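So the protein lines, in turn, are chains A and B.
For the first sequence, the numbering used here assigns the number 1 to the initial residue and increments by one for each residue that follows.
For the second sequence, the numbering used here assigns the number 1 to the initial residue and increments by one for each residue that follows.
Just so you know, the hints here were simulated from the structure itself, not pulled from any lab data.
Some hints here could point you the wrong way.
[Said to hold, decoys possible] Straight-line alpha carbon distances no greater than 27 Å define the calculated BS3-like cross-link-like pairs of lysine-lysine that follow:
no., chain 1, residue 1, chain 2, residue 2
1, B, Lys90, B, Lys762
2, B, Lys88, A, Lys17
3, B, Lys183, A, Lys59
4, A, Lys50, B, Lys393
5, B, Lys722, B, Lys697
6, A, Lys59, A, Lys87
7, A, Lys17, A, Lys59
8, B, Lys697, B, Lys546
9, B, Lys17, A, Lys50
10, B, Lys90, B, Lys649
11, B, Lys39, B, Lys183
12, B, Lys80, B, Lys386
13, B, Lys386, A, Lys50
14, B, Lys473, B, Lys88
15, B, Lys298, B, Lys321
[Unchecked claim] Quick partial rundown of chain A residues pointing at chain B, CB under 10 Å, derived from the structure:
no., residue
16, Gly24
17, Arg29
18, Glu61
19, Gly98
20, Met100
Owing to the predicted nature of the structure, the values given are computational and were not obtained by experimental measurement.
Note that CB positions come from ideal geometry on N, CA and C, so glycine has one too.
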Amino acid sequence: MKDLTLTEEMFLLAVWKLRDNAYGVTIRRHVSEVTDRTYPYGTLYSALDKLVRRGFLTKTESDPTPERGGRSKNYYTITADGLSALKNALELKKAMWGDMNDVILDKGLK
Amino acid sequence: MKKCCNSPSRSGNFILKYLAGRNDRNAVIGDIEEEYNAKILSVGLLKAKIWYWHLVTISAFSFIIERFYWRFMMSGNYLKVAFRNLFKYKVFSIINIAGLASGMACCILIGLWILDEMSYDNFHENGDRIFRISEHHLYSDSDLISPITPAPLASYLSENFPDIVETARVFKLGSMLFNYENKRFYENSIILADKSFFQVFSYKYLRKDSENPLSSPNSIVINNSLAEKYFGDNEALGEILKVDGIELTVTGITEDIPLNTEIQFRAVISWSYLDKFSWYDSTEWGSSNNETYVMLDKNSDIFKVENSIRGVIEDHVQGSKSELSLQPIKDIHLYSLTRADTWGAILYVYIFAIIGILIMLIACINSINLTTIRAISRTREIGIRKVTGAYRKQIVSQFLGESLLLSFLSMILAIIISIAVLPVFNEITHKNYYPGNIGNAKVLTILFLVTLCTGLLSGSYPSAYLSALKPDKILRGVTSTGMKKPYLKRVLVIFQFGISIVLIISTLTVYNQVKFMLNKDIGWDKENLVCIRIRGDVRDSYEILKEELLKFKKIKGVTASLYDPAVFIGNTTGIYWDGKNTNENLSVGFNLVDSDFLKTINSDIISGRSFSSDFASDSTNYFIINESLAGYIGKNDVVGSKFTLWQNKGIIIGVVKDFHFQSMRSEIKPCVLLKNIDFLEYIIIRIDPYDNESALKLIRNKWSEILPDYPLDFHFVNESFKSIYQNEVDMSKILRYFTILAVFIACLGLFGLVSFIGERKKKEIAIRKVFGGSVSSIIRLISGEFIFLIVISSLISSPVAYILAAKWLEDFAYKVESGLTFFYLAGLFLLLIAGFTVSFQIVKSANSNPIDSISRE
């Protein structure tokens with residue numbers, strides 16, 4: 001299985017954290033707040049789309065609401081595969097970072 | 001806030017709608033709108049708007065990048081790989097592009113020609129209501145469709161048939177002597193027409209002196225270039241032009257009319273011009289001289305009109321059997337009846353359309369073969385692409401894309417080639433195309449479609465085959481799946497050569513038939529005969545001229561006749577002899593001649609005597625008939641028996657051996673000659689065969705001495721004889737070029753195939769050589785296959801070619817036998833050419849050093 005890219009990992013994590021309220025606006029807000037970067041909708045939706053296609057997320061359409069000009073929301077939920085992918089990503093990082101700590105990192109090249 | 005929901009912007013939505021993927025379209029727009037509405041509450045409308053547009057812009061760009069960027073990157077890679085391959089395999093690419101480009105160039109030219117042929121007389125405003133009357137003569141031995149109808153027909157039709165709203169008669173005069181001040185030239189394409197001419201047809205006046213310039217007697221309407229030629233910058237209107245000695249007033253000037261019309265004219269003379277001639281009788285139903293055009297009412301039923309006029313001629317001419325019909329003006333060129341013994345252009349349109357398609361097919365097959373062969377060396381690339389995640393669809397589109405690229409490159413080259421050969425093409429087709437014609441929208445559309453089809457067709461097989469390969473097998477080196485026995489390629493080669501053989505045989509057939517007709521013993525000697533048209537008062541000086549010319553030794557004979565001896569145009573049914581079945585409606589050729597006619601053209605009298613100036617009574621009461629007519633009369637000795645032609649009752653004084661006086665499409669018809677010096681149209685002079693030049697000089701001098709007012713205007717009879725077969729001569733030429741092209745393209749393909757087989761059998765050859773195989777045995781090994789292929793394709797295509805050739809020859813009463821020789825010749829010729837093509841490559845492979853081929857393993 002292909003590893004998750006960093007962007008994919010972030011969005012997947014965001015969806016998981018947001019639980020029942022994971023749709024375009026909330027996901028974008030959450031990721032932007034945490035990372036302090038702006039993610040345009042193009043990036044957001046193509047990442048989500050790819051995750052859906054890989055089976056890490058499922059997409060459901062809500063009923064239309066008036067404040068969205070009568071348009072529906074795409075709610076995303078994480079799947080078991082998505083969870084294990086997240087777990088893998090974490091394992092990978094842990095394994096890579098395992099023999100390192102902040103002190104060594106601070107010393108840098110010295 | 002008054003409303004909870006502000007819709008931000010239609011245009012913003014529009015942008016997002018088209019950039020976002022179909023599935024997420026609504027969600028994206030909804031998301032942004034939701035955030036926007038929240039923003040309005042927190043930061044106010046203006047800032048929210050700014051924020052909104054900022055977000056829409058960056059989102060739009062991010063969509064573009066996400067959706068398209070990687071595709072572009074990949075296509076860029078494909079393009080790069082395509083060009084690399086193009087340059088890496090230079091020979092293949094050159095052969096491939098050259099083949100496709102010459103095929104396409106041929107398509108461009110054929111397309112140009114066909115479009116032009118189809119455009120004849122398309123420009124008349126009322127074109128769909130204009131018809132030419134044609135008369136179908138039913139003779140007892142044959143029938144003849146003629147566009148020439150009697151003079152009173154036009155007015156009769158318009159008076160008696162309300163559906164016919166306008167009629168126009170056209171009398172084609174051919175060339176006339178124009179004279180203004182000191183300018184004196186023969187001008188061709190001069191016609192006589194009714195005053196309704198310009199109402200029926202859409203030829204435009206530039207200037208005219210009255211509402212209808214043709215209505216006044218003795219008026220002439222000339223085209224712009226004639227006006228400039230004779231009057232320069234001065235106003236031509238109102239000037240007097242002498243035409244064949246008769247003074248006419250210029251009453252109108254037209255633009256130069258387009259070439260794509262069958263009613264070609266440079267000047268139109270008013271109909272009353274004919275009143276000056278004693279032979280013309282405007283009420284005579286029995287003789288036909290002009291074409292009759294009719295314009296029908298908008299709502300009339302063509303078939304009804306046609307039915308009602310069908311028997312008009314029979315009603316007026318006793319004992320005649322003929323039917324009238326309507327021919328749409330647009331059909332005149334394609335389904336010509338004007339030249340009674342040609343098929344009309346439509347046949348050539350079909351023939352050349354088919355040839356174009358066949359040549360393009362050969363070129364496509366080449367491309368398929370070459371692309372497939374070349375693709376085999378690219379299996380590793382495909383393996384790598386597949387391993388790195390390429391879908392089958394992508395491989396297919398990569399190879400289709402490459403062959404499209406190739407065909408578009410060929411298209412550019414094809415345009416260049418066709419512009420380069422345009423002058424030659426113009427010469428063969430007697431057309432006047434210039435490079436701008438190729439820029440015609442229709443031509444370009446056809447070309448674009450042909451290119452597209454070619455690209456897709458030639459890329460389809462390789463891409464289907466290659467994309468199906470399994471990457472694991474490719475990379476492990478098992479690549480020969482299905483390629484060991486290239487059946488498809490063999491079939492394609494057989495097909496290519498089959499087409500080539502059909503073309504070669506057709507070319508040989510047409511060429512031989514033309515040669516046969518031009519060289520056949522026609523019963524008289526057409527060489528060294530000079531023919532001078534008699535016009536105006538030349539007739540009065542004929543006797544003097546004859547007498548003077550005969551004094552020279554280099555002039556072997558002088559005579560005159562109604563028709564050019566190469567073609568007796570006239571046919572008549574007005575003959576009678578004792579014992580003739582009165583129900584029989586036999587049509588015979590005729591000619592009115594001066595006394596030495598038969599002697600001058602060198603034909604043989606088999607019984608009786610020829611006309612002679614010694615017998616003054618020869619005129620009008622004595623006839624000479626040909627063998628064929630003698631056969632119809634049927635007596636043992638027809639000389640001396642009674643014979644009647646029209647009103648002339650007399651006796652037959654001689655029988656001439658059958659000679660050709662019309663096209664060889666039909667059998668030599670019965671024919672009657674009558675001595676009559678009042679209706680002579682051509683002076684015929686036999687000159688010294690060894691010294692044409694000085695004989696012509698003598699004629700020229702004598703002529704200008706006796707007839708200073710008429711510049712000498714002559715042609716050789718063998719030229720007019722050749723012109724009967726002009727269509728066949730042209731076709732023979734064009735076919736020759738196309739055949740050369742087809743064989744050339746097929747050989748290109750063969751060359752590619754041989755290099756492939758040489759490559760594939762490299763190791764086999766090397767091993768054979770290591771074990772002592774001789775060079776010649778290896779040459780035999782490779783070439784054996786091609787000889788086999790060519791023999792097979794000859795066997796398959798010969799019957800097809802034979803049927804086609806026989807079909808074409810059916811139209812000729814006198815024809816060559818399409819014997820087996822042609823087929824041997826065609827096969828042998830192809831074998832030679834193919835052998836020559838492949839020999840280099842074969843010798844190269846056979847001579848190669850085995851070490852180079854096997855040491856790599």
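Hints the structure violates: just list their numbers, smallest first. 2, 3, 10, 11, 15, 19 and 20
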